Amino acid sequence: AQKITQTQPGMFVQEKEAVTLDCTYDTSDQSYGLFWYKQPSSGEMIFLIYQGSYDEQNATEGRYSLNFQKARKSANLVISASQLGDSAMYFCAMREPNTGNQFYFGTGTSLTVIP
Amino acid sequence: DAGVIQSPRHEVTEMGQEVTLRCKPISGHNSLFWYRQTMMRGLELLIYFNNNVPIDDSGMPEDRFSAKMPNASFSTLKIQPSEPRDSAVYFCASSRRTSGNTGELFFGEGSRLTVL
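In order, the protein sequence lines correspond to chains A and B. Read in the numbering used here, the first sequence has 22 at position 22, and its numbers run on one by one without any break. Read in the numbering used here, the second sequence has 22 at position 22, and its numbers run on one by one without any break.
Bound-form chain A, shown alone (with noise of 0.2 angstroms):
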């Protein structure tokens, strides 16, 4: 089974409109840690925002925010306010803590911001 499920392949937001990229995961460790990841054009990999398994509030960097729905093991990246920069693939990450610290990463969304 896969670790890390995102199935969207691509999305389209306008500018200044709010979106969400869907991520599911698959544990069955206690302790984890989820991860979101962009990729623009130019190729580097740039950390957005981290959610820890035991963390009881939703992560928020800045337009980032994770909507964490551990019941369901979800773990959607909402960017708010959309900006053409953003147009990007973004991955979503986890870390197990069991399996050596061993990372996942899902497929990718990639994301186009229309002004």
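These are calculated hints, taken from the structure and not from any lab test. Only a predicted model underlies this, so the values are computations on that prediction, with no experimental measurement involved. Ideal Cβ placement from N, Cα and C applies to all residues, glycine included. A few of these clues could be false.
Okay, the calculated bits of chain A under chain B, using three or more residues with CB under 8 angstroms as the criterion [stated by the list, open to error]: (1) 39 to 46; (2) 83 to 95.
FRET-style restraints, in silico, Cβ to Cβ [said to hold, decoys possible]: (3) A:71 - B:81: 49 to 55 angstroms; (4) B:70 - A:71: 42 to 48 angstroms; (5) A:26 - B:41: 18 to 24 angstroms.
Partial chain B-side listing against chain A, Cβ under 8 angstroms, derived [unchecked claim]: (6) 33; (7) 43; (8) 46; (9) 48; (10) 55; (11) 97; (12) 102; (13) 104; (14) 105.
With chain A held as given, fit chain B onto it using these hints.
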């Protein structure tokens, strides 16, 4: 602090040649990962090290690939002999997992390999 440093940034070689990619992780980080990214297969984990010890190399495609981490500040990924299907961007990433930090991966800028 300097980030993860990879070299070379670009490599063009001919089939059959040996390729060595290098990585210097962030000082103090105790985990190092090698990923390969292609359009067809996305981001694939090749191997990762904890405290310089290889933990999981099940993602290494075949015996042509080998990786070493002789010390905490240096790792290499070697392909010998290289084949056109090895053309990809190879990322090195490092992390430091302790209580009180998130342990996120810091990526290098990648090494773009083209095998003709």
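Report holds or violated for the interface hint on residue 43 of chain B, using the least CB-CB distance to chain A and a cut-off of 8 angstroms.
5 angstroms, holds
Is it true that the C-beta distance of residue 70 of chain B to residue 71 of chain A lies inside 42 to 48 angstroms, as the hint says?
45 angstroms, holds
The region 83 to 95 of chain A covered by chain B? Criterion: 3 or more residues, Cβ-Cβ distance below 8 angstroms.
holds (count 3)
Does the Cβ-Cβ separation between residue 71 of chain A and residue 81 of chain B fall within 49 to 55 angstroms?
Distance hint for residue 71 of chain A, residue 81 of chain B holds at roughly 50 angstroms.
Restraint: residue 33 of chain B near chain A, CB-CB cut 8 angstroms. Satisfied or not?
6 angstroms, holds
Using the nearest Cβ pair, does residue 102 of chain B come within less than 8 angstroms of chain A?
4 angstroms, holds
Should the interface hint for residue 48 of chain B be scored as holding, given a Cβ-Cβ cut-off of 8 angstroms against chain A?
7 angstroms, holds
Supplied contact hint for residue 97 of chain B, tested at 8 angstroms Cβ to chain A:
5 angstroms, holds
Given residue 104 of chain B as an interface hint, is its Cβ closer than 8 angstroms to any Cβ of chain A?
Where the cut-off is 8 angstroms and the nearest Cβ of chain A is about 5 angstroms from residue 104 of chain B, the hint holds.
For the hint on residue 46 of chain B, just tell me whether its beta-carbon gets within less than 8 angstroms of chain A.
12 angstroms, violated
Does 18 to 24 angstroms hold as the CB distance between residue 26 of chain A and residue 41 of chain B, or does it fail?
This hint holds: roughly 20 angstroms between Cβ atoms.
Against chain A, with CB atoms and a cut of 8 angstroms, does the hint on residue 105 of chain B hold up?
At 6 angstroms from the nearest chain A Cβ, residue 105 of chain B passes the 8 angstroms test, so the hint holds.
Checked against the numbered hints given earlier, the structure breaks only hint 8 and satisfies all the rest.
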